[in-house]
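Kindly produce the complete structure, drawing on both the sequences and the hints.
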Amino acid sequence: MKELILKDSEYEIKRGKIVRTKMMTEQEKLFEIVLPGGDNLDHDPGQFVEVSILGAGEAPISIASSPTKRDSFELVVRNVGRVTGALHKLETGDEVGIRGPFGKGFPVRILEGNDLLFVAAGLGLVPLRSLINFVIDNRRDFGKVTVLLGCKTPDNMLFGDELESWRKRLDVNLNCTVDKADPEWKGNVGLITSLIPGVTLKPKRTFAVVVGPPIMYKFVIQELLKKEIPDRQILVSLERHMKCGLGKCGHCQINGIYCCQEGPVLSYDRIKSIPEAL
Amino acid sequence: MKKTHIATLKKERFDDFISALARLQKVVAPVARGNGQFAFEPVVSGNEIALDYIPTILPPKKYFLPQHETLATFDTTKGQQMEPVVAYEKMVIFGVHTCDLAGIQSLNMIFSERPKDVNYLIRKSAITIIGYECNDYCDEYASCRLVHNHTPNGGYDLFFTNLGDKFIIHINTQAGDDIIESAGLFEPAQAADLKALEQLRSDKRKLFANEVPVVHENIPEVFAKSFNSKVWEDLGKKCLACGNCTNVCPTCYCFDVIDEPNLDLKTGKRYRRWDSCQSETFAQVAGGESFREERGARQRHRFYRKFKYPMNKFSRLFCTGCGRCSRTCMAKINLKETLTQLVKEQAMTDLKAGNQ
Numbered sequence: 000m001k002e003l004i005l006k007d008s009e010y011e012i013k014r015g016k017i018v019r020t021k022m023m024t025e026q027e028k029l030f031e032i033v034l035p036g037g038d039n040l041d042h043d044p045g046q047f048v049e050v051s052i053l054g055a056g057e058a059p060i061s062i063a064s065s066p067t068k069r070d071s072f073e074l075v076v077r078n079v080g081r082v083t084g085a086l087h088k089l090e091t092g093d094e095v096g097i098r099g100p101f102g103k104g105f106p107v108r109i110l111e112g113n114d115l116l117f118v119a120a121g122l123g124l125v126p127l128r129s130l131i132n133f134v135i136d137n138r139r140d141f142g143k144v145t146v147l148l149g150c151k152t153p154d155n156m157l158f159g160d161e162l163e164s165w166r167k168r169l170d171v172n173l174n175c176t177v178d179k180a181d182p183e184w185k186g187n188v189g190l191i192t193s194l195i196p197g198v199t200l201k202p203k204r205t206f207a208v209v210v211g212p213p214i215m216y217k218f219v220i221q222e223l224l225k226k227e228i229p230d231r232q233i234l235v236s237l238e239r240h241m242k243c244g245l246g247k248c249g250h251c252q253i254n255g256i257y258c259c260q261e262g263p264v265l266s267y268d269r270i271k272s273i274p275e276a277l
Numbered sequence: 000m001k002k003t004h005i006a007t008l009k010k011e012r013f014d015d016f017i018s019a020l021a022r023l024q025k026v027v028a029p030v031a032r033g034n035g036q037f038a039f040e041p042v043v044s045g046n047e048i049a050l051d052y053i054p055t056i057l058p059p060k061k062y063f064l065p066q067h068e069t070l071a072t073f074d075t076t077k078g079q080q081m082e083p084v085v086a087y088e089k090m091v092i093f094g095v096h097t098c099d100l101a102g103i104q105s106l107n108m109i110f111s112e113r114p115k116d117v118n119y120l121i122r123k124s125a126i127t128i129i130g131y132e133c134n135d136y137c138d139e140y141a142s143c144r145l146v147h148n149h150t151p152n153g154g155y156d157l158f159f160t161n162l163g164d165k166f167i168i169h170i171n172t173q174a175g176d177d178i179i180e181s182a183g184l185f186e187p188a189q190a191a192d193l194k195a196l197e198q199l200r201s202d203k204r205k206l207f208a209n210e211v212p213v214v215h216e217n218i219p220e221v222f223a224k225s226f227n228s229k230v231w232e233d234l235g236k237k238c239l240a241c242g243n244c245t246n247v248c249p250t251c252y253c254f255d256v257i258d259e260p261n262l263d264l265k266t267g268k269r270y271r272r273w274d275s276c277q278s279e280t281f282a283q284v285a286g287g288e289s290f291r292e293e294r295g296a297r298q299r300h301r302f303y304r305k306f307k308y309p310m311n312k313f314s315r316l317f318c319t320g321c322g323r324c325s326r327t328c329m330a331k332i333n334l335k336e337t338l339t340q341l342v343k344e345q346a347m348t349d350l351k352a353g354n355q
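Respectively, the protein sequence lines represent chains A and B.
Under numbering that gives the first Met the number 0, the residue at position 197 of the first sequence is numbered 196, and the numbers go up by one with no gaps.
Under numbering that gives the first Met the number 0, the residue at position 163 of the second sequence is numbered 162, and the numbers go up by one with no gaps.
Don't take each hint at face value.
[What the hints assert, rightly or not] The calculated lysine to aspartate or glutamate pairs, modelled on EDC-like cross-linking and capped at a C-alpha distance of 20 Å, are:
1. 6/A / 112/B
2. 13/A / 140/A
3. 6/A / 88/B
4. 217/A / 292/B
5. 103/A / 112/B
6. 10/B / 186/B
7. 6/A / 186/B
8. 77/B / 94/A
[Said to hold, decoys possible] Which chain A residues stay away from chain B? Per the calculated CB distances, all over 10 Å, these:
9. 3
10. 25
11. 42
12. 43
13. 54
14. 107
15. 135
16. 155
17. 163
18. 166
19. 193
20. 202
21. 221
22. 269
Derived from the structure by calculation, the hints contain no laboratory data.
Just so you know, these numbers come straight off a predicted model, no measurement behind them.
Where a beta carbon is used, it is the ideal one built from N, C-alpha and C, also for glycine.
Pasting the structure below:
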């Protein structure tokens, strides 16, 4: 048996340096990461990276920052498993392994010139934030921008300060809801679906971009269809376990689609005939 | 003068051929393991080889995609640093049936599609394949005629057919010809040998009859209409979710990637190992949601990955007809029966639609 060191393995990792961390909620931690030599990650909003801690393993994590932020990128990690648990123990100055970016992100060229309705629930805000900030940084290229956000309680709301800055902008309409309010909460109470009927939009020139937990999609899409947004203008980002990111290992497969290659962003037009998608 | 592509080898010289070959490099071939079972194992002489064998417990995919494979070694004393590696071995696989040749061809497509899997491709390039023809059915589980794999469709360097007192060999590649040349045991084929081969193939056409009442070309169409069939629910009730069917399948290639730290907790390896879409956690995401929670849905996924999805992507069925999944299933889930049920159900549905 011969052993060869590979120069062109797809499993090779880049050494990412953590330059900032912030606990966002009890469960979610933000990491700002710089690649060796300050290299640009060169991602599209909606793509993901495989983050590894050697010895613990790898996990697919959505990129939370816009590609317009060039010197570093941000990840928000929920502490739910072996790898994410190990990640939560890391602080500024520590290293993580990075592979990617992987997958097809949001089709920003196609979105240009159109009105955008963003719908995010829970952690769905993380990949969507990448796109929202991209749109804000290129604001004149897009039409009307509406952001609908939902989460369980006000404590779970991610990017609180940033949401405030979006709220103050005259070129962004922001509306938040929580399942369960606390005494200080001044916004809506109820499911994310309850915010959609109140939105005024021109369906033909509106793209809806939906990201949230698997259970949410069917209900949100129903509301969007009531608004007569065409199927191909409803975009979702599907959550699957992309283990290898290379269209091989099979874990992320939705019927015949490798989510890590053709997704995670897919149009409703595409997935409505794919029974395992939603 | 252009060299001929056909040679013959007298039976009494077969042992010498394998011995000579094994002196130069590793040779693996089907070997009897008792209880009517066979396995590809290293051999040093022809006498060890079971020429008359039914599909081995594991297909030769184990040499292309090992059950465990180190992808990288790491040392974290200086940070997140790893060294991607591949382990490979020059070898000849002798005695690969036509179904398993088709299996290797399928895997080749998967792993050479971009992004390429260099580990697989490096191993593949170190392997020489000698195919071996089935003159008769191995057993009642095979459905090689259905998928047109009862006769060779390429994918080998040399291909042996047993003509009784001798083998007739198709030399398909230069690597194959080099083996023939260096052995010095082979003879040119005579007209009678070619005629005997022709006769054998013609006999096979009569012997091998379609095992399922559907023609090859119509299989994807059957699956296109069968997603909500009750057949899957029934399979779900029988299935034990053990994953035997995917382990023994020559075209199942799903894997898991796992880190294994050494005792010093600083060094270790990242490896992949075979995984199965039949296990409950396979399609689970963080937070516990599973997208194929029911066993029936997971069995359906397995069948669709053989008969429908690869057709759309590679214009090829990924079932090789080897029968291993049915042979090994503890719950007696039978591929031929399942396909027959789907076809019959389809015919009933079409009939009802026609009557309306």
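task = Could you grab the alpha-carbon distance between residue 77/B and residue 94/A and see if it respects the 20 Å cut-off?
result = 10 Å, holds
query = Is the straight-line distance between the alpha-carbon of residue 6/A and that of residue 88/B 20 Å or less?
reply = Holds, at about 19 Å.
ask   = Would you say residue 43/A is clear of chain B, with no C-beta pair closer than or equal to 10 Å?
value = Holds: least Cβ distance 17 Å, greater than 10 Å.
query = Would you say residue 155/A is clear of chain B, with no C-beta pair closer than or equal to 10 Å?
reply = Holds, because the least Cβ-Cβ distance between residue 155/A and chain B comes to about 14 Å, which exceeds 10 Å.
message = According to the definition I'm using, a residue is off the interface if its beta carbon is farther than 10 Å from all beta carbons of the partner; does residue 107/A meet that for chain B?
response = Its Cβ never comes within 10 Å of chain B, the nearest being 23 Å, so this holds.
Whether residue 42/A stays farther than 10 Å from all C-beta atoms of chain B, as the label says = 16 Å, holds
query = Taking 10 Å as the cut and beta carbons as the points, is residue 163/A off the interface with chain B?
reply = 28 Å, holds
message = A cut-off of 10 Å on Cβ-Cβ distance, and residue 221/A was said to be off the interface with chain B. Does that hold?
response = 20 Å, holds
task = Run the C-beta distances from residue 202/A to all of chain B and say if the shortest one exceeds 10 Å.
result = The assertion about residue 202/A holds, with a minimum of 30 Å to chain B.
query = Under the criterion that the straight-line Cα-Cα distance not exceed 20 Å, is the pair residue 6/A, residue 186/B satisfied?
reply = 44 Å, violated
inquiry  = Hinted pair, alpha-carbon criterion (20 Å max): residue 6/A, residue 112/B. Please report holds or violated.
reply    = 19 Å, holds
task = Mind verifying the non-interface call on residue 3/A? Its CB should be farther than 10 Å from each CB in chain B.
result = 5 Å, violated
Consistency note: the structure conflicts with the earlier hints numbered 2, 7, 9 and 13.
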